[in-house]
Amino acid sequence: MKKFFWISIMVILANLILVGCAETVLTDEGQAERTQSKDTLVMAIGSEPEGGFDPCTGWGRYGSPLFQSTLIETDKNMNIVYDLAKNYEISDDGLTWTFTIRDDAYFTDGEKVTAEDVAFTFGTAKLSGSIVDLTNMKEVTAVNEFTVEFILEKPDTSFVYTVAATGIVPKHAYGPDYGDSPIGSGPFKLLQWDKGQQIIMEANENYYGKVPEIKKITILFMDEDAAFAAAKAGEIDVAMTNSNFADQEIKGMNLVSIKSIDNRGLTLPYLKDEGRTDAEGNKIGNNVTSNIAIRRALSYGINRDILVNDVINGYGRPAFTECDGMPWGSDEAIVEYDLDKAKSILEEAGWIDIDNDGIREKEGIKAEFNLLYSSSDATRQALATAVSLQAEELGIKITTEGTSWDVISKRMFSEAVLMGWGAQNPIETYLLYHSDNMGKDYYNPEYFSSERVDEYIDRAMSTNNLDESMEYWKKVQWDGTTGISTKGECVWVWLVNVDHLYYVREDLNIGEQKIHPHGHAWPIVANLKEWVWN
Amino acid sequence: MNGRIKLIFSIIATITIILIIALVGILMDEDVLKADFKIKNIEPCLEYPFGTDWMGRDMLARTVKGLSISIVIGLVASIVSAVMAVIIGTLAGTMPKWVDSILGWLIDLVMGIPHLVLLILISFAVGRGIKGVMIGIAVTHWTSLARLVRSEVLQIRNEFYIKLSKKLGKSNIYILKNHILPHLLPQFIIGLVLLFPHAILHEAAVTFLGFGLPPEVPAIGIILSESMKYLSAGKWHLALFPGLSLVAIVLLFEHIGSNIKKVLDPYNAQN
Chain D
1 MKKFFWISIM VILANLILVG CAETVLTDEG QAERTQSKDT LVMAIGSEPE GGFDPCTGWG
61 RYGSPLFQST LIETDKNMNI VYDLAKNYEI SDDGLTWTFT IRDDAYFTDG EKVTAEDVAF
121 TFGTAKLSGS IVDLTNMKEV TAVNEFTVEF ILEKPDTSFV YTVAATGIVP KHAYGPDYGD
181 SPIGSGPFKL LQWDKGQQII MEANENYYGK VPEIKKITIL FMDEDAAFAA AKAGEIDVAM
241 TNSNFADQEI KGMNLVSIKS IDNRGLTLPY LKDEGRTDAE GNKIGNNVTS NIAIRRALSY
301 GINRDILVND VINGYGRPAF TECDGMPWGS DEAIVEYDLD KAKSILEEAG WIDIDNDGIR
361 EKEGIKAEFN LLYSSSDATR QALATAVSLQ AEELGIKITT EGTSWDVISK RMFSEAVLMG
421 WGAQNPIETY LLYHSDNMGK DYYNPEYFSS ERVDEYIDRA MSTNNLDESM EYWKKVQWDG
481 TTGISTKGEC VWVWLVNVDH LYYVREDLNI GEQKIHPHGH AWPIVANLKE WVWN
Chain U
1 MNGRIKLIFS IIATITIILI IALVGILMDE DVLKADFKIK NIEPCLEYPF GTDWMGRDML
61 ARTVKGLSIS IVIGLVASIV SAVMAVIIGT LAGTMPKWVD SILGWLIDLV MGIPHLVLLI
121 LISFAVGRGI KGVMIGIAVT HWTSLARLVR SEVLQIRNEF YIKLSKKLGK SNIYILKNHI
181 LPHLLPQFII GLVLLFPHAI LHEAAVTFLG FGLPPEVPAI GIILSESMKY LSAGKWHLAL
241 FPGLSLVAIV LLFEHIGSNI KKVLDPYNAQ N
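Top to bottom, those sequences are chains D and U.
So for the first sequence, this note's numbering puts the first residue at 1; every next one is plus one.
So for the second sequence, this note's numbering puts the first residue at 1; every next one is plus one.
A few of these clues could be false.
[To be verified] Partial chain U-side listing against chain D, Cβ under 10 Å, derived:
#1 K38
#2 K40
#3 W54
#4 K163
#5 K229
#6 L231
#7 K235
[What the hints assert, rightly or not] Quick list of in silico lysine to aspartate or glutamate cross-link-like pairs, DMTMM-like style, CA-CA up to 20 Å:
#8 K40/U / D247/D
#9 K397/D / D108/U
#10 K229/U / D247/D
#11 K397/D / D36/U
#12 K229/U / E249/D
#13 K40/U / D305/D
#14 K397/D / D357/D
#15 K235/U / D357/D
#16 K229/U / D377/D
If you are wondering where the hints come from, they were derived from the structure by calculation, not from laboratory data.
We put the beta carbon where it would ideally sit given N, CA and C, even for glycine.
Please model the complete structure; the sequences and the hints are all you need to start from.
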């Protein structure tokens, strides 16, 4: 009996040692393979799409849906190019849009992509009540197997960008759980989603376009500091980071800085405080920011280059509109930093520091207001602080206050907020400045409205000609006499566009990136299908 | 100089240190706390012993201000807590049995819920900020002291001189005021001082988790949670010095508490 006991102990020990060795060998091999392999990739991205991978509820808006394909897409210069569609036509009145789709596209379950699926996708998205805004789309019908027709309520040229951002889902395989295990006709297939941790995807070998060269891609969801540590340990190939880490070097990786229109600016309540409240009882208006001299003086008197250098360590560029550098953005909106001009604007308007406390006043009102920002965002905190320091020199006192978005959404109609936007779609100009959107969501909390601006926006959206619409979008900013930019009504004081920073392994080619939209994470994978290892 | 006097000196010295920190923080010029992007991310040096952060704020100034905020919050919260404890403990000890059962049940209830969870709930419910944290800490820290006071009161109540006093026709209020409360004083003081480190640590914890003070206030919890984001970028000094200072303050209070205990405890007093 005793002998048996000892033998079994030894067997167990031997097993343990063997297993231990085997494991080490395996991990060694695994690591070696990962760094050498030309068809796998591991990357770290900060934010997981909470709603899953369902384009009908917003997946793929910023960047690309990856698992689904879109009718059309934008190239790196923001021109419209065909994807699933072979061509499209717009009727003379701008209300009927007809798309013809290709006949060689298949979903990953083998079914053909048809006009039915397209109609189903847009119909479902319209009813989803999500961030996908299709209120202007009256109906969508499949005319025949490969032709689909959209009918709009009113003409809208920017609808083309909405189409370009909406991935097509299969009608036969769509259900409430679709977002968890999407089936689509895109360049990639989702293999596995460990919520809160990672997704694993592989190339779709039946993709109608060029099949991606990198066959297996793992995207880990982690914060910048965790991603930085993992990148340093050589565990990942692409890591999202921010300007606070940018002075750190990682061996074998380059810091890639991608231009963006991920902007930050101040919303300044446009109306006077006359005791008005909205339907929920939130105060509307502010007696300081409603004065145009204050807004304009801030726009001229804040040195945006210093903000870029101080707050984001030079990884960004000054912002003057919500769409700097886009085809619909206007150079007329750019103003030079001019402290003297800013001061004289204030003095001419009657803002003078009479009691010598460093803060100007006019008719008994002190030039001071609160600036709210989301307290979870260190960059916004630094930006708000830097702005208030610069405003002090102008004699305007800005008190910064970090808080949560639910507090901001109640106080933003009467106080300044540090907000950020930036879309690859001119519809954003409509959302931020058209009187339709006064007090709606976060779009126009300033309660700005101008008949002239509304008219330009309406015309930009209703013309049939994309080039012509661009001219109208530019006139929204500045038409020679008025507009929303600094020289005009100066509704926002835009501050900076924040570059998107990533550590990328030296021998990985991530192609040519478009100007990134708001949301630092997913835009980088918009062209994932073109990525290759050198 | 005997041990007792030495102890008293040591207590006074510690209290002085804490008072100085609190006063420096309270009287500090706001300008010292201001951001200055020209001097951001400086490692500890002679001019900035604790370094500066990513907005160029002097971490020494922030730490001192943070500690003084903690001390003030701790002081208010622990006084309120200790007073609550004495009142509830005395009530439980002197009132009829059913009051005792109800209060005993209340103590068990508050003690049964994890401190931090209750604290977060309460400070969230009464509207965050300094007020929220103070109320939160005040109403969660009285339980163990209350229990102690209760048993003390029960013990005193059965002493002969109390019974004698009663027989002599003294009223309950008189007995409470002249015979019971003076006996509770040492418990009260020690309890108060020992509540301090708890209160400060909980204030820092709640603020660290983002349920306490707004990010403009340089509280230690805020400083620590902000510095977490920069740790892997190599900014070790942002967390280390404020963290050590917090520990030091807590240890100082602990020191006062245990020394007072020794001074007031007749068995140890002469050693």
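A quick look at each hint next to the structure:
Because the closest C-beta pair between K38/U and chain D is about 8 Å apart, less than 10 Å, the hint holds. Hint status for K40/U relative to chain D: holds, with the closest Cβ pair at about 7 Å, below 10 Å. For the restraint placing W54/U at the interface with chain D, the shortest Cβ-Cβ distance is roughly 6 Å, inside the 10 Å limit, so the hint holds. For K163/U, the shortest C-beta to C-beta distance to chain D is roughly 59 Å, which exceeds 10 Å, and the interface hint is violated.
Restraint check, K229/U versus chain D: the minimum CB separation of about 6 Å is within 10 Å; hint holds. For the restraint placing L231/U at the interface with chain D, the shortest Cβ-Cβ distance is roughly 7 Å, inside the 10 Å limit, so the hint holds. Interface restraint check for K235/U: the shortest CB-CB distance to chain D comes to about 8 Å, inside 10 Å, so the restraint holds. Of the pairs offered as hints, the one joining K40/U and D247/D holds, with about 13 Å between alpha carbons and a cut-off of 20 Å not exceeded.
Between K397/D and D108/U the CA atoms are separated by roughly 50 Å; this puts the pair beyond 20 Å, and the hint is violated. Distance restraint check for K229/U and D247/D: the Cα-Cα separation of roughly 15 Å lies within the 20 Å cut-off, and the hinted pair is therefore satisfied. For the hint pairing K397/D with D36/U, the CA-to-CA distance comes to about 16 Å; that is within 20 Å, so the pair holds. For the suggested pair K229/U and E249/D, the alpha carbons sit about 17 Å apart, so the restraint of at most 20 Å is met.
Restraint check for K40/U and D305/D: satisfied, since their Cα atoms lie roughly 17 Å apart, inside the 20 Å limit. Of the supplied pair hints, the one linking K397/D and D357/D holds, its CA atoms being roughly 11 Å apart against a limit of 20 Å. Our distance criterion of 20 Å between C-alpha atoms is broken by K235/U and D357/D, whose separation comes to about 37 Å. Distance hint between K229/U and D377/D is fulfilled; the C-alpha atoms sit about 11 Å from each other, no more than 20 Å.
Checked against the numbered hints above, the structure breaks hints 4, 9, 15 and satisfies the rest.
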